[in-house]
Amino acid sequence: MNEVLAELSKVSVTLNARLIVDRVSLSIKRGDIITIIGPNGAGKTTLIKSILGIQKATSGSISLQPGLVIGYVPQTLNLETTLPLSVERFMALGGCDRKGCQKALARTGVAHLMTASVHHLSGGEKQRLLLARALARQPGLLVLDEPAQGVDINGQAALYDLVRQLRDELNCGVIMISHDLHLVMAATDKVICLNQHVCCSGFPEDISHDPAFIETFGTAVAESLAVYHHHHNHRHDLHGNVIGGGSAIDGTLSEGTLKKSTLDDAEAAPTCSGHHHD
Amino acid sequence: MIDGILDDFFWRALIGGLGVALVAGPLGCFVVWRRLAYFGDTLAHSALLGIALSFVIQVPINVGVIITCLGLALALVLFSRSKTLATDTLLGILAHSALAIGLVTLSFMPSVRMDLTGLLFGDLLAMSRSDLWWIYGGAATILCLLALLWRGLLMSTIHEELARVEGVPVERLRLALILMFAIVIAVAMKIVGVLLITALLIIPAATARRLARTPEQMVAMAMLFGFIAVTGGLALSWELDTPAGPSVVVTAFSCFLLISAVGGKQRA
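Protein chains in written order, with my numbering: chain A, 354 to 631; chain B, 14 to 281.
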């Protein structure tokens, strides 16, 4: 379980005479889910790219386990509209056979889109397609750059949940960047707060009390994280149908609460913690 | 029989034109997919400079053009690294400067009798047997390269970073693509002229986009529309004594308009 997949030692990256990543050391072990958080321009994507080998480190060393297969889920898939491409073909270009592609798409919940054009997918479907593509490579390390971008809030929770399940099934390591602090906390073993250098790192519940974290994100964020151990009592699948735990009636009720809290901003926080107590 | 056909300059032009359309199809698709229209234009404009160069260093014209195109592509890569100018500005500077330097250099060579209009807009009568060798040699090289590199080229067009992570040699493929552009410009110059080469690349590909559902279908259809443009254009040029290159482009454009009008909604 403690097998090290990737080891970064004092990695720095300088771009156009600007220090983007400053002496970052970290190790990713099999079974880990590590989430990198940090403000814009903190060097999160650059750090990820140096692990992927896309961005050369200016100094320091990155060593990957020999023969490690990396599955990469990029931020978005911005396909030129002039390039006709089906989901099936996009998967096949990754080198897996039809059966493997189908299995991976089914696992991420988009098997029904096999013959659809990539251009017609929604943001959430695209992210699931990219995840399926990474999955089909049977990766030892999964690298995700803001996987929930352009996905609605329920979809985000489902996506992070899926990432955690995939970690269990593939027994792989996961490193991801996320802005969705409150959602990601529940699905994460270790959080690294990056602001060029590693501000602080540790377990999600500890990190929100860390002075360095509070300094970077402000007290508001740190406090909201502390109260945010809130779980929805039901989930939606891709088509918007309610699945698993809780009845449809519960679903409508909680959506009613949600609507109310958005209407009345001042009451949003109490509503949230009230939810937490039940 | 074949010898007899090749004695006729119209047939030579047509056979040459079809050879050019064969490679303009797939490369045109890459121009459209990777947004290289202006880049292609810049390379094509430098062809005139290549012709002048080939007289100076005494090599065949096609070789001179290929060398110049590659040199210009290299210069572009170096200039764009400094990032002081936007890419389109840089391309604009290089495209027109290359064209102007080419024209000025050629004017210094009164001993070289060149039909400038033919170079700029294509010349039906200028197609020689050795040109045909160049065209089909170039076409064979390009088609072999494309077949070998197809998956990697397509993947790096779809998502460069994902391709890199999956082990696709993105940089080398970019160079291969530039080399193929240089070759196609060198051989297409005779048919459509340096000013209109990009049109022969883009218009058939854009026409094919409306009907295609896969990248390969788009390539095949772009070839087909290229054939139609070349055949129709040369026939027009033959019948009405219009300049060859513009006639080919007008035919391609007519196809584009027709397909846009009746083709309906883009399918995939």
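In short, the hints are calculated from the structure, not lab data. Being a predicted model, the structure only gives us computed values, none of them experimental. Certain hints may be false.
The list that follows gives simulated cross-link-like pairs (lysine to any residue, SDA-like), each with its CA atoms no further than 20 Å apart [unchecked claim]:
1. A:Lys382 x A:Pro557
2. A:Lys409 x B:Arg177
3. A:Lys409 x B:Val178
4. A:Lys409 x B:Arg94
5. A:Lys409 x B:Ser95
6. A:Lys409 x B:Gly180
7. A:Lys409 x B:Glu174
8. A:Lys409 x B:Pro73
9. A:Lys409 x B:Glu184
So, going through the hints one by one against the coordinates:
no.	hint	in the structure
1	A:Lys382 x A:Pro557	17 Å, holds
2	A:Lys409 x B:Arg177	13 Å, holds
3	A:Lys409 x B:Val178	13 Å, holds
4	A:Lys409 x B:Arg94	16 Å, holds
5	A:Lys409 x B:Ser95	18 Å, holds
6	A:Lys409 x B:Gly180	15 Å, holds
7	A:Lys409 x B:Glu174	13 Å, holds
8	A:Lys409 x B:Pro73	42 Å, violated
9	A:Lys409 x B:Glu184	15 Å, holds
In summary, the structure is inconsistent with hint 8 from the numbered list given earlier, while agreeing with all the others.
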